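The whole structure should be built from the sequences, with the hints applied where relevant.
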Amino acid sequence: MAEVSAHAAHHAPPPGFIRKNVFSVDHKVIGKQYYGLGLLAVIMGMVLSWLMRIHLVWPNVAIPGLGALSPNGAPGGLITPEYYLQLMTMHGTLMVFFVLTNVPFAGFGNFFLPIQIGAEDMAFPRFNMMSFWVTFVGFCVLVAAFFVGDGPPLSGWTAYAPLSALPGAGPGQVMGQTLWACSIAIFCIGQLLGSLNFITTTLDLRAKGMTLMRMPISTWAWFITSCIGLLAFAVLLPACVLLILDRVAGTSFFVPSNLVVSDQLITQHSGGSPLLWQHLFWFFGHPEVYIAILPAAGIVSHILITSYRRSLLSHKVVIYCMMAIGFLSYMVWGHHMFISGMNPFSALVFSFPTLVITIPATILTLIWIGSLYGSNLQITSASLFALGFISMFVTGGISGFFLAQPSIDVYLHGTYFVVGHFHMVMGVAAIFGMFAGTYFWAPKMFGRMMNETLGKIHFWGTFVGTYCIFMPFHYLGLVGNVRRYSAFVDDYLAPLMPVHKFITIAALFTGAVQLIFLYNLIYSRFKGEAAPDNPWKATSLEWTVTSPPPWNNFGGKHPVVYHDPYQYGIESSSGDFVMQDSPERIQTVRDDKKLP
Amino acid sequence: MAATLQPPSIAKIPLEVRRVKPFDSEAPSTGVWVGLAAITMTFAAFTSAMVVRQGSANDWRHFPFPTILYINTLTLILSSVTLQIARQGFVLTDQAATIAKPAMNALYGTLVLGCGFVIGQYMAWHELRSEGVYLSSAPSSSFFYVFTVLHALHVIGGLCGLLYVISKLRRGVLRRSTLDAASRYWHFMAILWLYLLLLLWMRI
Numbered sequence: 001m002a003e004v005s006a007h008a009a010h011h012a013p014p015p016g017f018i019r020k021n022v023f024s025v026d027h028k029v030i031g032k033q034y035y036g037l038g039l040l041a042v043i044m045g046m047v048l049s050w051l052m053r054i055h056l057v058w059p060n061v062a063i064p065g066l067g068a069l070s071p072n073g074a075p076g077g078l079i080t081p082e083y084y085l086q087l088m089t090m091h092g093t094l095m096v097f098f099v100l101t102n103v104p105f106a107g108f109g110n111f112f113l114p115i116q117i118g119a120e121d122m123a124f125p126r127f128n129m130m131s132f133w134v135t136f137v138g139f140c141v142l143v144a145a146f147f148v149g150d151g152p153p154l155s156g157w158t159a160y161a162p163l164s165a166l167p168g169a170g171p172g173q174v175m176g177q178t179l180w181a182c183s184i185a186i187f188c189i190g191q192l193l194g195s196l197n198f199i200t201t202t203l204d205l206r207a208k209g210m211t212l213m214r215m216p217i218s219t220w221a222w223f224i225t226s227c228i229g230l231l232a233f234a235v236l237l238p239a240c241v242l243l244i245l246d247r248v249a250g251t252s253f254f255v256p257s258n259l260v261v262s263d264q265l266i267t268q269h270s271g272g273s274p275l276l277w278q279h280l281f282w283f284f285g286h287p288e289v290y291i292a293i294l295p296a297a298g299i300v301s302h303i304l305i306t307s308y309r310r311s312l313l314s315h316k317v318v319i320y321c322m323m324a325i326g327f328l329s330y331m332v333w334g335h336h337m338f339i340s341g342m343n344p345f346s347a348l349v350f351s352f353p354t355l356v357i358t359i360p361a362t363i364l365t366l367i368w369i370g371s372l373y374g375s376n377l378q379i380t381s382a383s384l385f386a387l388g389f390i391s392m393f394v395t396g397g398i399s400g401f402f403l404a405q406p407s408i409d410v411y412l413h414g415t416y417f418v419v420g421h422f423h424m425v426m427g428v429a430a431i432f433g434m435f436a437g438t439y440f441w442a443p444k445m446f447g448r449m450m451n452e453t454l455g456k457i458h459f460w461g462t463f464v465g466t467y468c469i470f471m472p473f474h475y476l477g478l479v480g481n482v483r484r485y486s487a488f489v490d491d492y493l494a495p496l497m498p499v500h501k502f503i504t505i506a507a508l509f510t511g512a513v514q515l516i517f518l519y520n521l522i523y524s525r526f527k528g529e530a531a532p533d534n535p536w537k538a539t540s541l542e543w544t545v546t547s548p549p550p551w552n553n554f555g556g557k558h559p560v561v562y563h564d565p566y567q568y569g570i571e572s573s574s575g576d577f578v579m580q581d582s583p584e585r586i587q588t589v590r591d592d593k594k595l596p
Numbered sequence: 001m002a003a004t005l006q007p008p009s010i011a012k013i014p015l016e017v018r019r020v021k022p023f024d025s026e027a028p029s030t031g032v033w034v035g036l037a038a039i040t041m042t043f044a045a046f047t048s049a050m051v052v053r054q055g056s057a058n059d060w061r062h063f064p065f066p067t068i069l070y071i072n073t074l075t076l077i078l079s080s081v082t083l084q085i086a087r088q089g090f091v092l093t094d095q096a097a098t099i100a101k102p103a104m105n106a107l108y109g110t111l112v113l114g115c116g117f118v119i120g121q122y123m124a125w126h127e128l129r130s131e132g133v134y135l136s137s138a139p140s141s142s143f144f145y146v147f148t149v150l151h152a153l154h155v156i157g158g159l160c161g162l163l164y165v166i167s168k169l170r171r172g173v174l175r176r177s178t179l180d181a182a183s184r185y186w187h188f189m190a191i192l193w194l195y196l197l198l199l200l201w202m203r204i
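Each protein sequence line maps, in turn, to chains A and B. Note that my numbering gives residue 22 to position 22 of the first sequence, counting from 1, and the numbers run on in steps of one. Note that my numbering gives residue 118 to position 118 of the second sequence, counting from 1, and the numbers run on in steps of one.
No lab work stands behind these hints: they were computed from the structure. Just so we're clear, the structure is a prediction, and the values are computed from it rather than from any experiment. For each residue, glycine too, the CB sits at the ideal point set by N, CA and C. Check the hints yourself; a few may be wrong.
What the hints assert, rightly or not - Reference excerpt, derived from the structure (chain A facing chain B, CB under 7 angstroms, subset only):
| hint | residue |
| --- | --- |
| 1 | Leu37 |
| 2 | Val235 |
| 3 | Pro238 |
| 4 | Ile244 |
| 5 | Val248 |
| 6 | Ala249 |
| 7 | Gly250 |
| 8 | Ser273 |
| 9 | Leu276 |
| 10 | Ser574 |
Structure follows, in structure tokens:
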């Protein structure tokens with residue numbers, strides 16, 4: 001592997017408060033801004049999920065304040081069926097785009113990718129700043145939908161056409177849906193800028209000695225994710241442009257002929273293809289699953305190795321598996337459309353790679369678990385959440401086997417089984433990755449240690465709570481409980497109400513447990529114990545700098561990398577590990593001939 | 001008293017010998033390739049949407065292209081040629097690079113031709129509108145406007161890039177890789193336009 005000479009993107013130290021903390025070009029500040037935006041979005045998304053769950057099981061309970069926010073959607077605080085769908089749409093959109101994409105990829109990636117490869121900053125610091133602020137504008141445009149005319153859209157986070165293309169399709173489909181489409185288009189631009197930066201930085205700004213295979217797994221995950229994101233968001237952006245044009249310019253990309261909506265024959269559009277939207281959306285949508293989960297997988301791998309005090313069974317296989325998952329993610333989008341009336345042969349074509357993608361995912365899981373053998377596991381909040389990630393990933397992944405088969409998916413697709421599946425494998429797993437990353441890297445990001453006892457309480461509460469929420473979803477789906485309904489009044493659904501009540505109570509409990517995390521994060525930020533430079537005795541470059549790092553990361557020096565990223569379980573002058581920039585020789589390392 | 005070495009004032013350097021930094025990172029070069037990959041994917045998505053939409057109903061309408069489109073095509077190709085001439089005018093030595101005046105003129109020529117292309121595209125849209133071909137008239141016209149407007153926006157982005165290059169050059173801080181990246185982007189816009197013209201010509 002050819003080495004890349006050390007180049008760093010240079011910029012002057014920030015001159016004032018605004019340039020230092022708001023419109024900053026420093027990748028660390030931008031990473032924290034993404035993290036903060038994600039935190040805001042996750043709180044909003046969680047509150048929306050509470051409102052939905054409360055309405056489902058106690059439909060006659062008036063929710064204080066909601067009537068003021070939406071007099072039509074929730075008159076007197078009682079949620080209408082349409083407003084339920086509007087809340088669901090906003091919950092999904094906030095969570096998928098502004099939480100699952102923002103925090104593990106853009107948040108942690110921005111902060112740590114340059115440091116882990118020994119760079120002073122991103123390749124294009126101004127583009128990087130622009131990427132965050134464009135994303136922030138997208139967030140504001142989306143949230144504005146709560147405050148316009150008939151509220152946010154109700155077409156779900158997938159915004160299926162043709163209803164998403166027609167202003168008369170229901171409450172929220174006038175201005176709210178247009179804001180949604182604009183918000184996502186803006187978000188795509190932000191992500192494209194971010195992906196461009198990540199790829200270029202990784203390829204061009206690595207320190208001397210930092211070959212590609214010496215990059216930590218977390219860096220590899222961010223790099224692979226940015227490659228996926230570059231191509232995926234480049235497809236969602238045109239889809240949103242066409243949707244906006246259908247809505248505001250009278251074009252007919254997605255609206256078919258002779259469509260009747262709300263008892264009105266649609267005459268100003270004709271000939272469009274609703275399936276075209278689904279193809280474009282899911283060509284982005286399935287890679288998006290991996291945009292959410294791969295960074296979390298990389299973060300978890302990085303943390304587990306440090307906690308195991310040994311390297312994984314194979315560093316290279318983990319990287320190749322992540323590459324394989326990224327590649328295959330572009331070949332499976334049709335499995336989201338099994339019930340769209342597609343040719344059964346096409347369904348088979350999409351089913352096969354969907355099942356194949358489980359092979360690298362399984363190898364990853366086996367490596368994470370198998371590497372426990374012979375390890376010296378250190379139980380910390382970070383390692384608990386990392387292990388919890390594996391649990392969620394496996395549990396949610398297994399239900400994916402069922403859904404990958406068209407004949408079974410036809411039955412399960414419209415049920416809570418799917419809701420349980422994707423919440424566990426994509427949502428909760430990625431959020432566990434975020435928690436793991438937060439407990440692990442907060443000392444480096446903020447210069448303060450988080451409270452470990454509170455962290456462990458937070459883990460067990462969240463771990464038990466999420467299983468109580470999402471495992472019953474699978475049961476509900478198997479017995480035919482349809483999703484997206486705001487009330488379960490049919491005879492066959494009424495007996496399931498106790499299960500729904502259990503889920504709602506579990507959701508409220510799990511949400512309350514997150515207050516412990518918030519308290520821990522905020523208290524530790526200001527009053528926590530001062531963090532040493534390397535509290536976890538880890539080996540990668542972020543632990544060679546002060547906590548928090550100086551504005552130029554390495555104090556103007558250019559680090560030189562001598563070792564693979566995970567040299568644990570050996571005898572050295574510093575203990576059972578050797579840091580990547582230590583010139584200390586390790587006789588047992590196979591590649592010590594590569595020493596620069 | 002030891003004399004300190006001061007860099008010469010930029011204003012005093014004749015335009016012909018402005019220095020181009022020879023040592024710089026490869027980031028602009030890599031970055032533009034990555035950006036072009038994203039742009040390629042975007043237009044590939046639009047292309048596939050066009051193919052699917054054309055086959056989904058019998059409402060596709062053919063209409064003649066405004067003649068000015070072909071003149072615009074020649075303008076854009078010529079701008080690529082002038083940019084290449086400008087690029088070759090930057091002579092790189094061990095420590096510095098110089099730019100010949102004809103090369104600088106070629107760079108300005110590229111800027112003018114690029115603006116001419118965008119104005120020409122606007123005239124094409126105007127002509128179509130006068131003939132009653134609007135964005136929402138038919139799916140074919142929708143795609144025509146979408147493709148040409150988005151391409152023109154990308155060309156305007158390229159013009160901004162050229163202005164950035166000229167501004168850096170005038171301040172004597174232009175990096176070779178920045179110039180290479182800008183010219184690569186510009187040539188790509190010409191190739192993309194030829195592809196779009198062929199696609200639209202075949203389909204519309």
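query: Does serine 574 of chain A meet its interface restraint, that is, does its C-beta lie within less than 7 angstroms of any C-beta in chain B?
result: violated, 32 angstroms
query: Going by Cβ atoms only, is alanine 249 of chain A closer than 7 angstroms to chain B?
result: Nearest chain B Cβ about 5 angstroms off; hint holds.
field: Hint check: 7 angstroms Cβ-Cβ cutoff, glycine 250 of chain A to chain B
entry: holds, 4 angstroms
- request: Report holds or violated for the interface hint on isoleucine 244 of chain A, using the least CB-CB distance to chain B and a cut-off of 7 angstroms.
  value: Violated. Min distance 11 angstroms.
message: Would the hint on serine 273 of chain A be counted as holding, given a Cβ-Cβ threshold of 7 angstroms to chain B?
response: Holds: closest Cβ of chain B sits about 4 angstroms from serine 273 of chain A, inside 7 angstroms.
task: For the hint on valine 235 of chain A, just tell me whether its beta-carbon gets within less than 7 angstroms of chain B.
output: holds, 4 angstroms
task: Closer than 7 angstroms between Cβ atoms is the bar; does proline 238 of chain A clear it against chain B? Give me holds or violated.
output: holds, 4 angstroms
- prompt: With 7 angstroms as the cut and Cβ atoms as the points, is valine 248 of chain A at the interface with chain B?
  reply: It is violated, given that the least Cβ distance between valine 248 of chain A and chain B is near 10 angstroms, above 7 angstroms.
message: Please check whether leucine 37 of chain A passes as an interface residue: C-beta within 7 angstroms of a C-beta belonging to chain B.
response: violated, 23 angstroms
query: Holds or violated: is the Cβ of leucine 276 of chain A closer than 7 angstroms to a Cβ in chain B?
result: Hint holds; leucine 276 of chain A Cβ to chain B Cβ min 5 angstroms, cut 7 angstroms.
Consistency note: the structure conflicts with the earlier hints numbered 1, 4, 5, 10.
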